[in-house]
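> Sequence lines, in order, name chains A and B. Numbering follows my numbering, with no gaps: position 93 of the first sequence is 93. Numbering follows my numbering, with no gaps: position 289 of the second sequence is 289.
Note that these hints are calculated values from the structure, not bench results. The reader is advised that the hints may include incorrect statements.
Below, computed lysine to any residue pairings styled on SDA-like, alpha-carbon distance capped at 20 Å [said to hold, decoys possible]:
(1) K557/A with Y547/A
(2) K204/A with K110/B
(3) K118/B with R69/A
(4) K118/A with R629/B
(5) K110/A with F75/B
(6) K237/A with N274/A
(7) K206/B with A144/A
(8) K461/A with D173/B
(9) K429/A with D388/B
(10) K118/A with T70/B
(11) K126/B with R269/A
(12) K230/A with K328/A
(13) K118/B with D262/A
(14) K118/B with H263/A
(15) K429/A with F434/B
(16) K464/A with D173/B
(17) K64/B with A144/A
(18) K110/A with V65/B
(19) K114/A with G73/B
(20) K230/A with G601/A
(21) K118/A with M626/B
(22) K114/B with D262/A
(23) K110/A with K64/B
(24) K64/A with A144/B
(25) K110/B with Y547/A
(26) K118/A with E71/B
(27) K106/A with G73/B
(28) K114/A with R68/B
(29) K110/A with R629/B
(30) K110/A with A282/B
(31) K110/A with D268/B
(32) K204/B with A144/A
(33) K64/B with G122/A
(34) K114/A with T70/B
(35) K110/A with P550/B
(36) K106/B with T74/A
(37) K114/A with T74/B
(38) K429/B with V390/A
(39) K114/A with F75/B
(40) K118/B with P630/A
What follows is each chain in one-letter form.
2 protein chains.
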Amino acid sequence: MIEIKLQKMDTPCWRNTLTALNKAKIFIVVLIGLLSIVPTEVVHAQQATWIWYPGDYSIWLGNKVQNRRTERGTFFPPFWKMDSHYVLVEFSHKYKLSAPDTIDIKVEGKYNVKLDGKLLFGSPEKIVIPAGLHSLNIKVYNQASVPALFVQGKAIQSDDSWKVTYEDKEWIDSSGKASDTSSGTVYVHAASWNFNSPDNLPSKFKLPTQPMPVVSVIHKNNGILYDFGKETFGYVKFHGLKGKGTLNVYYGESADEALSVDHCETLDRFHVKNAIAKDFTAPDSKAFRYVYVEKGNSLSYDSVSMQYEYLPLEYKGSFRCNDDQINKIWDVAAYTLHLTTREFFLDGIKRDRWMWSGDAYQSYLMNYYLFFNSPAVRRTTFALRGKDPVTSHINTIMDYTFYWFMGIYDYYQYTGDKKLIVQLYPRMKSLMDFCLSRRDSAGMMQGLAGDWVFIDWADFKMSKAGEVSFEQLLFCRSLETMATCAKLMDDSGSEKLYTKLAADLKTKLFTVFWSDKQNAFVHNRVKGVVSTQVTPYTNIFAVLFNYLNPEKREAVKENVLLNPDALKITTPYMQFYNLSALCSLGEQKYVLNQIRDYWGGMLKLGATSFWEKYNPKEKYPQLLSMYGRPFGKSLCHAWGASPIYLLGRYFLGVKPVKPGYQSYTVEPSLGGLQWMEGDVPTPNGKIHVYCSTKEIKVKSDTGTGTLRFRSLSTPVCKTATIKKIAGNQYELAINKDQEVVVKYKSVK
Amino acid sequence: MIEIKLQKMDTPCWRNTLTALNKAKIFIVVLIGLLSIVPTEVVHAQQATWIWYPGDYSIWLGNKVQNRRTERGTFFPPFWKMDSHYVLVEFSHKYKLSAPDTIDIKVEGKYNVKLDGKLLFGSPEKIVIPAGLHSLNIKVYNQASVPALFVQGKAIQSDDSWKVTYEDKEWIDSSGKASDTSSGTVYVHAASWNFNSPDNLPSKFKLPTQPMPVVSVIHKNNGILYDFGKETFGYVKFHGLKGKGTLNVYYGESADEALSVDHCETLDRFHVKNAIAKDFTAPDSKAFRYVYVEKGNSLSYDSVSMQYEYLPLEYKGSFRCNDDQINKIWDVAAYTLHLTTREFFLDGIKRDRWMWSGDAYQSYLMNYYLFFNSPAVRRTTFALRGKDPVTSHINTIMDYTFYWFMGIYDYYQYTGDKKLIVQLYPRMKSLMDFCLSRRDSAGMMQGLAGDWVFIDWADFKMSKAGEVSFEQLLFCRSLETMATCAKLMDDSGSEKLYTKLAADLKTKLFTVFWSDKQNAFVHNRVKGVVSTQVTPYTNIFAVLFNYLNPEKREAVKENVLLNPDALKITTPYMQFYNLSALCSLGEQKYVLNQIRDYWGGMLKLGATSFWEKYNPKEKYPQLLSMYGRPFGKSLCHAWGASPIYLLGRYFLGVKPVKPGYQSYTVEPSLGGLQWMEGDVPTPNGKIHVYCSTKEIKVKSDTGTGTLRFRSLSTPVCKTATIKKIAGNQYELAINKDQEVVVKYKSVK
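The following block holds chain A by itself, in its conformation from the complex:
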């Protein structure tokens, strides 16, 4: 046999296969049917990794993480259905070996091994696979944690090219004849993360930690207040703890909170009985800047420090400009996003520490401009979705269901990785079925019993009743996303259906909710009565989704987005969309000032990470309160980090046009800055942009791009041809690895 290079069975193979398949419902089965008869030819070792059923690890870890929330020392779990991994799965692979291969098998769970359909004795840890064509089936049962497999040989290793199923339907009849196992069983490709050694057990996963010192120590009231200098997350540690008694530890994102023993959001009470001095680290990690400690007199310790807990992340994106306040905002936003990017994209680190689909959706977008960490997006997307049957909206929130759909399409657009769509498409369809089953007679979605219509935390009175225009808009966008994904999956029947549903709903959106009188979308319709209230949400998103003709775009901009009398947004959450929409309307200058005011406002109040909500009119200590509790507000909230996205997407102006930056555009916009410079990460390297009022420089590691800009003088580039588009608008092509330098004169 000729030795050829490892030919993996994943991406390229199934893409071609998929394209050729037209039958809607059976394509997965057929797909795998085709795959299973083509063994992988292997000759040399690749990286083996722990594998499992797609999504199962995220769901399992999500349960663990989200059930760590405490409220003042009491366990505080989520209020939606938590699903589980499949407890019994079968992994399989076919190999064509040019030489015998000795493989080591490590499994999380009880397992058996079949070689060429024959069960081996016991649960073997090492076996020899002879040369030639062979099939390997390993069945694993694990109730408590995810059934997982690690196989390492010279030629064979566990990776995403393995197949896995939760029901192999492999029965035998009384004569010993086996069932036709290729039929009726849905196999999918296994999933993995980065557990790349046999001893790195998925079930034992913990984020790494590193020691961090206290910055200041102040004796206050009956105890001591420790300041760690900035918002942080981890395990408080007492050095040389000795004696007997209760150690009361009060955590605070603010000093006020830590000192409020009756109202701080998180606390610990440790019952100590140490005859000799010992170091003691709190068993659960918490978010805090301040820790206030009160203790009995018969207890003593030498000092306090902490173990900072974090997800190791590479800062691939960057931003610098001539304005130090903006630079500072970018840095604090990046730190905020890092603190909230953990096992998953969490909302905030102090209180919920849950995955919220609306919050996560923004984290994904910011992530594409900072860490470009795709596994974190995948983990969060799977964990949010859970499993069938669908019994409520994601997080019980209608809008959050819609953001979930939109996030998957964005993922594909930014990463070019279609596998997530392939893995999730059945769950996308069943979630959309849930939505479709809840439409009213007008084909719109109203909040039914148990549905939370969230939209935003607003300081004005906002109705959530009836047909809310914002929800219909997101619903429409979700249907469009489904149509796009159906097309990618060659599910033409569904593509047609979703396309029609989206078009119908879009038409209704305008006929019902667009007010010619107010020249904007109104808020809702209750029992046939259309409200006259204009709220920002539908209008903002209609701009972002590019649903408006030029007249309506202009109207929305003037009447809502830039109208000083319009209803105000007070959360960084909605500011994200509001400012994005304004940027897409060319209002970078206005937006930059908003960033200075809003995020700069938080910095002026001493923020070391960005908040869940900020209303410049609120003063201490009122501004720390939320949910009816004096320190309810989270001071480190992922949705507070949106300048990361705004500056990368709309100032450096980089966005993918084809999936995974195969093609992209760069449209720098200074918004009044003198110069700016930064990197935008892609699946393959970075796109570097420098822009001043006189010069633009772009260098890209990937794809083919288009640079677009406006210039008051005729622009000059020595290495590329500049095309005039219209008026003062120009564009030129960017090729991989070739820096483009343009001399020009910026418009403002």
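Given chain A, put chain B in place with the hints provided.
Chain B only, in chain A's frame:
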């Protein structure tokens, strides 16, 4: 406040509530809505018990039990989807207390406690509930085992009157306002078994054991063969085991099997290293009569015994007659059923040890005439069904899905306990939806990819292709069952639908499959071509379901059931239905001879429990083989125990007419015996029947019954009025606790 007796919220209350409700889809929500506003008035302690979400414990324990199967030392798990418990649930109750109550709380899992909507600190183990109206909510998270709760106070205790949900949807908005938790959340009543003390943890459940000695010891080949005298189940134990080496233990239901070190179905290899002599018990229980042990020379032990493992069961049913062979058959059948009635009703104890819906269905019916153990039926029914989504038939077998439906209705009929239907109705509907979605254009079900059409193990050639008449018959019966249950649930829309579907299918059954030429049902139709083969199955069940008019009944009896040239049944499984049908046609005498031949035949071959399959033509050692393996056949199989059912149901002749034996009939039939006597259990005591050729005596602890019999002389009863029905047929009423004695002259 006036002290009144504990008024539980379960059965009587919700029955009335249900009757009053007509809306199909929302009845559960509404029901619980109503319940939740009526607090239970409590004043004195009841039995507290561990509670959980209905079905979850069965599913969890089912996973554990069914993943214990081994084949020659290798783990051998099921091939269908295994579901999991809900990992996060909330238990709640409202109480109206006349005095403060101190309650102890014990939980399996991480938990919090809310009293009157307010979270208490930590995870309290003891709290005081003040007098008055109070609500208690306890939320529990447990990934590895079932979230379970035990609460014991003077007036308050955990029991099935508690409510439970897997998604409470209790969110709060930024102002602190809580969601309307009564809406959109489905609460159901908690479930329990018999874990009635706080230290009796559900997760630690194990069946009890007791020591049993070896009956004989024979040195054979290179080892020793131990005979335990009869089929048994448990843990083999080595006394005074010493030395170093491998202890090879080969189990056999026959001596041949145990001695076949290369082909016995189960074996253990223990690696021993005991410097001093120690007793050693095998960690896993096995089925065997014989144990053959081979060991290295440097190993020694004093003796071997076993720990018999069993479910404690009361033998409530009994049967004795003048024929000792029949008595022996009844005893061995009872022992067979006891061995297979364990955590669940298992198929057989040696090999699968799984729940198979078709096997379990028969076990249920036998159980009603022996143990009347309702919890075992409930556990098995829940475990078989698992959870949504439905991805395949139960056990992947089409017929087994149908038996599952039928078993639920039988359960209600025998026990009168409607709660199981209430708990399972949503899962019944979704399983039926799965079936309905798989009909062909004729509205019939064919085996699709991944479906196993089982019917029976037959020694003749039988097609499973196309529309199999037997499957349509069971499908029709399942639809009737759904209609009946829908009616019980006041779900009138579904009742109507299922009734119509059943009627349509029944009509088709006759037009398509009844052959006027053969005067019987034929086997199947493939691509429009109706087969000419007459197999026994459809014909047998049509008799049992009472689908035939008198002419067709007679035709089936003569052409199929009593026709010596008809295709033969070789499994006790189908004999169950075959002989039941013959009994219902009055052929008790024929059936008794069949029992003597068939079950008597196994006894003559030395059976100490009844087998999975028996063909009188097969001889040793061939008769031990099955599935292509020399010892594949199970020699202790639940479906072998059917004489228990036949003798109770058709000879003593006792059956319920209204649910739970509120009314019942007794139609004794000696079938040629001189006399017989026995007890048939009911939910409230027993019905005792004695019948000889001259005298019938019936005494019942429950309900109102009707005794029916035939007599060649005018029958006499001193205490009741005998009514002549027709010819030599008579009947009289049986009242609770009043023995009826009838002098008569039996027909044969």
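> Confirm or reject each hint.
How the hints compare with the structure:
For the hint pairing K557/A with Y547/A, the CA-to-CA distance comes to about 14 Å; that is within 20 Å, so the pair holds. Restraint check for K204/A and K110/B: satisfied, since their Cα atoms lie roughly 19 Å apart, inside the 20 Å limit. With a CA separation close to 17 Å, the supplied pair K118/B and R69/A stays within the 20 Å bound. Of the supplied pair hints, the one linking K118/A and R629/B holds, its CA atoms being roughly 14 Å apart against a limit of 20 Å.
The suggested pairing of K110/A with F75/B holds, with an alpha-carbon distance near 7 Å, which does not exceed 20 Å. For the proposed pair K237/A and N274/A, the alpha carbon gap of about 15 Å is at most 20 Å, so the pair holds. Restraint check: the Cα-Cα separation between K206/B and A144/A comes to about 18 Å, which is no more than 20 Å; the hinted pair holds. Of the pairs offered as hints, the one joining K461/A and D173/B holds, with about 13 Å between alpha carbons and a cut-off of 20 Å not exceeded.
A C-alpha spacing of about 16 Å is found between K429/A and D388/B, which places the hinted pair at or below 20 Å, so the restraint holds. Taking the CA atoms of K118/A and T70/B, the gap is near 14 Å; set against the 20 Å cutoff, the hint holds. Only pairs whose Cα atoms come within 20 Å are accepted, and K126/B paired with R269/A is accepted, the gap being roughly 18 Å. In summary, the hint linking K230/A to K328/A is supported, as the alpha carbons are separated by about 14 Å, within the 20 Å threshold.
For the suggested pair K118/B and D262/A, the alpha carbons sit about 15 Å apart, so the restraint of at most 20 Å is met. Only pairs whose Cα atoms come within 20 Å are accepted, and K118/B paired with H263/A is accepted, the gap being roughly 15 Å. In summary, the hint linking K429/A to F434/B is supported, as the alpha carbons are separated by about 17 Å, within the 20 Å threshold. The hinted pair formed by K464/A and D173/B meets the criterion: a straight-line CA distance of about 12 Å does not exceed 20 Å.
Taking the CA atoms of K64/B and A144/A, the gap is about 11 Å. The hint holds against a cut of 20 Å. Our distance criterion of 20 Å between C-alpha atoms is met by K110/A and V65/B, whose separation comes to about 13 Å. Restraint check for K114/A and G73/B: satisfied, since their Cα atoms lie roughly 13 Å apart, inside the 20 Å limit. A distance of roughly 17 Å separates the Cα atoms of K230/A and G601/A; the hinted pair therefore holds under the 20 Å criterion.
With a CA separation close to 18 Å, the supplied pair K118/A and M626/B stays within the 20 Å bound. At roughly 18 Å between alpha-carbon atoms, K114/B and D262/A fall within 20 Å of each other, so this suggested pair holds. Restraint check: the Cα-Cα separation between K110/A and K64/B comes to about 11 Å, which is no more than 20 Å; the hinted pair holds. Distance restraint check for K64/A and A144/B: the Cα-Cα separation of roughly 11 Å lies within the 20 Å cut-off, and the hinted pair is therefore satisfied.
Pair hint K110/B plus Y547/A does not hold up; C-alpha atoms about 48 Å apart against a cutoff of 20 Å. Only pairs whose Cα atoms come within 20 Å are accepted, and K118/A paired with E71/B is accepted, the gap being roughly 12 Å. Between K106/A and G73/B, the direct Cα distance comes to roughly 18 Å. Compliance with the 20 Å bound is thereby established for this hinted pair. A hinted pair counts as satisfied when its Cα atoms are at most 20 Å apart, and K114/A with R68/B qualifies at roughly 18 Å.
For the suggested pair K110/A and R629/B, the alpha carbons sit about 25 Å apart, so the restraint of at most 20 Å is broken. Between K110/A and A282/B the CA atoms are separated by roughly 18 Å; this keeps the pair inside 20 Å, and the hint holds. For the suggested pair K110/A and D268/B, the alpha carbons sit about 16 Å apart, so the restraint of at most 20 Å is met. For the hint pairing K204/B with A144/A, the CA-to-CA distance comes to about 14 Å; that is within 20 Å, so the pair holds.
For a cut-off of 20 Å, the pair hint linking K64/B to G122/A stands: about 18 Å separates their Cα positions. Note on K114/A and T70/B: the hinted pairing holds, with a Cα-Cα distance of about 14 Å set against a maximum of 20 Å. The hinted pair formed by K110/A and P550/B fails the criterion: a straight-line CA distance of about 56 Å is larger than 20 Å. For the suggested pair K106/B and T74/A, the alpha carbons sit about 16 Å apart, so the restraint of at most 20 Å is met.
As the CA atoms of K114/A and T74/B are separated by approximately 10 Å, the hinted pair is consistent with the 20 Å bound. At roughly 16 Å between alpha-carbon atoms, K429/B and V390/A fall within 20 Å of each other, so this suggested pair holds. Simply put, K114/A and F75/B have alpha-carbon atoms about 11 Å apart, close enough for the 20 Å limit, and the pair holds. Between K118/B and P630/A the alpha-carbon distance is near 17 Å, which keeps this suggested pair within the 20 Å criterion.
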